[in-house]
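S.K.: Each chain is listed here by its residues.
Protein chains: 2
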Amino acid sequence: MAAVDVANEFETITRLLAPLAHPEWGRGLTDDVALIPQRKGHDLVVTKDALVEGVHFLPNDPLDTVAQKLLRVNLSDLAAKGAEPFGYLLACHWSERCGWPERNAFVEGLARDQAEFGVALLGGDTVSTPGPASFSITLMGWAAKGRIIARAGAHPGDLVFVTGTVGDGWLGLRAARELLTLEPERLSALVEHYRRPMPRTAFAPAVLEHASAALDVSDGLIADLGHLARASAVRLDLQLESLPLSLAAQAWFDGRADADQALSQLASGGDDYEIAFTARPGHEAALRREAERLHLRLTRIGEVKAGEGVHARYLGEPVPIEQAGWVHR
Amino acid sequence: MAAVDVANEFETITRLLAPLAHPEWGRGLTDDVALIPQRKGHDLVVTKDALVEGVHFLPNDPLDTVAQKLLRVNLSDLAAKGAEPFGYLLACHWSERCGWPERNAFVEGLARDQAEFGVALLGGDTVSTPGPASFSITLMGWAAKGRIIARAGAHPGDLVFVTGTVGDGWLGLRAARELLTLEPERLSALVEHYRRPMPRTAFAPAVLEHASAALDVSDGLIADLGHLARASAVRLDLQLESLPLSLAAQAWFDGRADADQALSQLASGGDDYEIAFTARPGHEAALRREAERLHLRLTRIGEVKAGEGVHARYLGEPVPIEQAGWVHR
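Protein sequences, first through last, are from chains C and U.
Here the first sequence stands for residues 0 to 328, where the numbers follow numbering that gives the first Met the number 0.
Here the second sequence stands for residues 0 to 328, where the numbers follow numbering that gives the first Met the number 0.
I should point out that these hints are in silico values taken from the structure, not numbers from a laboratory.
Computed from a predicted structure; not experimentally measured.
Since the list can't tell identical chains apart, any single copy or any two copies may satisfy a pair.
Result set (SDA-like, lysine to any residue): computed pairs, CA atoms no more than 25 Å apart in a straight line:
hint	residue 1	residue 2
1	K304	P317
2	K39	K144
3	K304	T29
4	K144	G27
5	K304	P155
6	K39	R26
7	K304	H154
8	K39	P22
9	K144	T29
10	K304	R287
11	K304	V318
With the rest of the complex left out, here is chain C:
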């Protein structure tokens, strides 16, 4: 078997990870298990996502941002269900380049996001791998009993919304790989979005209160809305001219000759980690008030119809769309 410094893994737990542990349920990370008491009137909601170096993050991405992205892609899953996160289990498969400075940076990223999103470490495993680094998190949260928002639930007549902006994850990956030509501050905003997406945890209660169906945008807006349409057995009509673009994405878009193709790319790229959802028209005003209170951009991008599939138009004309997205790479 590979020669690894076993002491490192012990010390990683006691020196770096133990300070992140939930004071009670994490049992000091010394007892192989976490113990979580029941919460009356609630269901437990659990999700698990993994990131692999060279697939989901770049070898030169700083490890504090890798840790934050790992936590945030999981937080995004829970937010889209209207659930409230409380803790997570972590598996670190450290590569040979992960010495103390890198492990320290990773843990600092986690510590920052624990404070920001109100979660704590419950347990997990730390191992070495002779290959590229990879990490996974199992995130847990609470939802009021029987009340999470599913992918199924959209009805004809509902409206389609998305939080934040669309396409920055895809552009950010291209920026990080130095494949884009834009002003430096635009490029760095995109790279930041790619490395450290913002899960819409704060908006989860509004989703729970008002959405008929929801999911987070990880595979690409079009692909994910395709999942929602299929699960709900409805058709979604999108107006691409409504797509919310960041300043950087707008600058990139303005430089494209083919607007249809450019919008289709932005709506098909992955890694946005926004919430796409449907809601009855009567809920729009309340959703807008809540978004405004949170200083969160909220955009109506289409309608739910009877039928199937996702259909996009740009200024009234049908746009052929790439439905695949970035799926479980």
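Guided by the hints, dock chain U onto chain C, whose structure is given.
M.R.: For chain U alone, coordinates are given in the frame of chain C:
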């Protein structure tokens, strides 16, 4: 980023993994999250362990046994706490060698063990990696409220027990790497033990009922008892002549010139996945009855004293022991 066949990951979920899903809580593996209702009078117990190719399993280990080992090392953690498992989340980081036959084999291994141990798949993630394959499982179970068995809890006067046999995991790894000379059926028994350890799930209720402290033997008996001694602030005295050996381990032992060293190696090797625990002497008879009912070998290997550390003797003489074990490789 690495070029991977994204369709494979979708198909892996719908074709291979969905049939393993918990009929209700897994939500058909289509909704990003699992939803687990409360169970009255119980706490949720959670553990997460990872296996990496070339570190925790060998590149030529069949993938059905890798899947079973992955599930079993987690089942072993819960069994040692006296908890009852019900489901798990799975992250597969498939390497390039993991085509359909390998993925099929992996899932067949899981299916067999789901039936044997009464657990179901709740969710997770499936991704590709350009490096060696790795896998992690987050296993969940129930324990009667406030009642799991910790590492702390051993008191002077308690007895020290271990289930099954000791050293077969370490010998099995050596056998799998063709470093041992023994009769073929002994070698294959050891390899089988290394690849497919037997978690003592059936004995968990007895642990819960009778143990004062417990943990599973994954890092090596001596190292793990060291954790227990430290957590309980006690000293453990072991009699190495009592160590329960399998027929294969006995055959290997009989060929060693230095009995002290050989026993120390067996007691320091990892991957046993037995339960080591302490109990008041008054509980010994009930423990033996329960073990007999389950056709499970149960051996008293020492006593708890005031003091600290793990101290071993062989036929009355102190034996210097290697305390490190195989720790979080």
